[in-house]
Amino acid sequence: MNWHTWIIIGSAVAAFLVLKRLMLVRPAAAREWLKKGARVIDVRSQGEFQRGHLPDAVNVPLDRLRDDISQLAPDKEQPLLLHCLSGARSGMGKASLRKMGYRNVFNLGSYGRAAKILGAHNELGKKE
Numbered sequence: 001m002n003w004h005t006w007i008i009i010g011s012a013v014a015a016f017l018v019l020k021r022l023m024l025v026r027p028a029a030a031r032e033w034l035k036k037g038a039r040v041i042d043v044r045s046q047g048e049f050q051r052g053h054l055p056d057a058v059n060v061p062l063d064r065l066r067d068d069i070s071q072l073a074p075d076k077e078q079p080l081l082l083h084c085l086s087g088a089r090s091g092m093g094k095a096s097l098r099k100m101g102y103r104n105v106f107n108l109g110s111y112g113r114a115a116k117i118l119g120a121h122n123e124l125g126k127k128e
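The opening position of the sequence shown corresponds to residue 1 in this note's numbering, with each subsequent residue numbered one higher.
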């Protein structure tokens, strides 16, 4: 590969990382939503959740989110903060809920990022 190809690849990777970062809720905004009663939803599988989760997080696996969210948040104005292991599933969950009419839904991103934002010191593998 020549240097032009490397520049294009590098630019694409940088653009992807910046775009991914822009899709995440800012820590200060997430904390403000929590003060306003936001629910924290862990969209990982039930098994992942059982191996360790954040305090006060509710487990609604991504594949059940569309069916189960109305029980947890019947009001589509309810603020929702989603997270998963890497931030990918929570991003998909956010998009799905937005299409369903939920207005205040945000992606916390990865488990580690969510733990830092929420001030949780739980590690994966430890049950609450």
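Take the hints with a grain of salt, since some may be wrong.
Okay, the calculated beta carbon distance ranges per label pair [claimed, not checked]:
| id | residue 1 | residue 2 | range |
| --- | --- | --- | --- |
| 1 | 99 | 71 | 26 to 32 Å |
| 2 | 56 | 2 | 18 to 24 Å |
| 3 | 74 | 119 | 25 to 31 Å |
| 4 | 70 | 2 | 51 to 57 Å |
| 5 | 95 | 3 | 52 to 58 Å |
| 6 | 28 | 76 | 22 to 28 Å |
| 7 | 29 | 100 | 19 to 25 Å |
| 8 | 1 | 31 | 43 to 49 Å |
| 9 | 1 | 92 | 31 to 37 Å |
| 10 | 5 | 28 | 20 to 26 Å |
What the hints contain is simulated information worked out from the structure, not anything from laboratory work. Virtual Cβ for every residue (Gly too), placed ideally from N, Cα, C.
For each hint, the structure was consulted:
{"no.": "1", "hint": "99 - 71: 26 to 32 Å", "in the structure": "violated (18 Å)"}
{"no.": "2", "hint": "56 - 2: 18 to 24 Å", "in the structure": "violated (53 Å)"}
{"no.": "3", "hint": "74 - 119: 25 to 31 Å", "in the structure": "holds (28 Å)"}
{"no.": "4", "hint": "70 - 2: 51 to 57 Å", "in the structure": "holds (54 Å)"}
{"no.": "5", "hint": "95 - 3: 52 to 58 Å", "in the structure": "violated (36 Å)"}
{"no.": "6", "hint": "28 - 76: 22 to 28 Å", "in the structure": "holds (24 Å)"}
{"no.": "7", "hint": "29 - 100: 19 to 25 Å", "in the structure": "holds (22 Å)"}
{"no.": "8", "hint": "1 - 31: 43 to 49 Å", "in the structure": "holds (44 Å)"}
{"no.": "9", "hint": "1 - 92: 31 to 37 Å", "in the structure": "holds (32 Å)"}
{"no.": "10", "hint": "5 - 28: 20 to 26 Å", "in the structure": "violated (39 Å)"}
The structure is inconsistent with the numbered hints 1, 2, 5, 10, although it conforms to all the rest.
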